[in-house]
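The lines below spell out each chain.
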Amino acid sequence: MNMVDIKTKKVDQQELLMEKSIQSVITAIDEFDFDNITTIVQNCLDEGIDPLQIIQKGISKGLDIVGEKFDSGEYFLADLVMAGEIVNEVMPLLKENMNPGQSGQKGKIIMATVEGDIHEIGKNIVCMLLDANGYEVIDLGVDVTTEKILEKAKETGAHVIGLSCLLSTTIDGIKNLVESLEKEGIKNEVKVIIGGACTSEGLKTEMGADAYAETAIDAVKIVKNFTESGIAV
Amino acid sequence: MEGKTVDRVPTFCAGLEDRTFNEVLGQPLLKSSKLFLNPVAGMICNKWGPKITKPLVQPQISAGMEKRIKAAAELGFDATWALYDETFVILNSKKMARYYGSIFDAIDDGFGNITYMYSGPGITSRDEFEAWPYWPDADEVAQRSYKFYSKIVKKYGEKICLCGQASAYGIQEALLWTIGFEKVPIWVRREKDLVARFIDLAEELCLKTNMAMMDAGIEIILQSDDFAFKTGPMMNPKMINELFGPSYRRLIKAVHDRGGKYILHSCGDNTLLFDMFIDWGVDGLHAYENTSTVDIFNEKKMHGNQATIIGGVGIDYLLTERSKHSEIVDEVKMLIEKLSPGGRFLLGPIHGMSNMPAAKLKTMIDAAHEYGRYKN
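Chains as they are written, first to last, in the numbering used here: chain F, 1 to 233; chain L, 1001 to 1376.
Just so you know, these hints were derived from the structure itself, not from any lab.
Small disclaimer: the values here were computed from a predicted structure and weren't measured.
There may be inaccurate statements among the hints.
[What the hints assert, rightly or not] Across the chosen pairs, the derived CB separations fall in these ranges:
#	chain 1	residue 1	chain 2	residue 2	range
1	F	179	L	1190	45 to 53 Å
2	L	1193	F	74	27 to 35 Å
3	L	1249	F	88	45 to 53 Å
4	F	229	L	1204	31 to 39 Å
Virtual Cβ for every residue (Gly too), placed ideally from N, Cα, C.
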């Protein structure tokens, strides 16, 4: 065995070890291993794995699997939330170890519950999943005025705005925002996605939004589609 | 509810909010938000909120609950959700706490009336659970419920079928409100004893208030407990059954033992849960939210002879200002055509909502009367 072979073997072994460690992150998320996720991620960092790689190859992949199982009916909303909570538990640790500018590279997303509505569970789940998928999430909270969303969109150059709306009494918030974006001439630069109990494909068309997300997983898929295809970046 | 033949499809009212009952009964001289959401009332609530809840605020809420029932009868509904809701305490001018441990905001409904909206959990840790100061006294709540329903049955019992729910919210829903939906899966794993204590406490309140309502003459108990969201159950059905099934079986049996009927209201798509609900013993199921992925017509085929289907009419568009009366009539005709064969169908809104115009409900009821006659 010559030196090149030895070096190659060492690299292969290292890669194998890294793959194994990343796989344990995926498994921990898929199996909701709340108790051990921090140790698993810390081990990955100790092995010298880049935090961004842990997010992209481990956490995102784990969430994708949970999302697929949710779509197929094997997992339920509480499971999705549990996976999100597990990710939340380790994101600060990963962010701490990142180089400045590494976080939120995939795109900027503004999230808000429309004016007059203070329901936030659905919105929070979407925020959690987007954050875990490497997006910069600007969560404006609940009962947010059109003016505030518009101001934030202009200030941050956000690529997507996600509007949550549970009550049919508050759907004007969607229309007002779409009209304001048009008036400001930035409607083509930022995509508006709606979701929540009273929303539908029909309402999306009626209000002039760009997309309707039936579930939190759908919302992430739509955002990915908008940002990765260049529609919203 | 018993599967017996009736002459036409009955209509069910899923609760009327202030805007709607004020349209039916006449506008009050002073709207409730003017009365309560002003600086003077705010100062009083901030200073003495918990103390004034029982003597001053709860009677106002009860009067509103009675107005809902009265307006439903006047509109011509055959049955109504008769809610009585006094298990809360005013914390300050903007917030109230449910006895169960959750926090709600008092807000204007957009029509000058006060309404309340869930704002978050009241309990976030074991220490807070132990220290929560407002856990309900089930006997006291049951006694107050008895007084309210005795009066209601006497006044409206002959005019409209009253489906009672007294201050006891669904066990699962109350748990979600109290500790926050995001934390439930974690608590179920890590704080099993507290979850079990909470469920026992909620079951006791439901049982005692149900029996009090039946003592007062209520024959149908309606329990709201949103087990699902837009596309499916909140939790794994197996987990739902293990956690809440035993309580619901006991509660439903107690109602059946006294000759009563039991309706469960659950928003969202409950397709994966209907078999379980029926197994628990429910007689009727309400909501079948049209904006969810539930297929009410398929449910009629699957379970139409086991549980009465109640609801079907959307509040996202049809029962709002935005719809045309003719659209409501068309929807009612279609629902009756598809869901009435074989009986066990009550037509009505899938939910209450503060922006529902009384005129649209009237159109729905009139259409049900016109097109809902059963042929002999």
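Structure-based check of all given hints:
no.	hint	result
1	179(F) x 1190(L): 45 to 53 Å	47 Å, holds
2	1193(L) x 74(F): 27 to 35 Å	29 Å, holds
3	1249(L) x 88(F): 45 to 53 Å	36 Å, violated
4	229(F) x 1204(L): 31 to 39 Å	55 Å, violated
Hints 3, 4, counting from the list given before, are not met by this structure.
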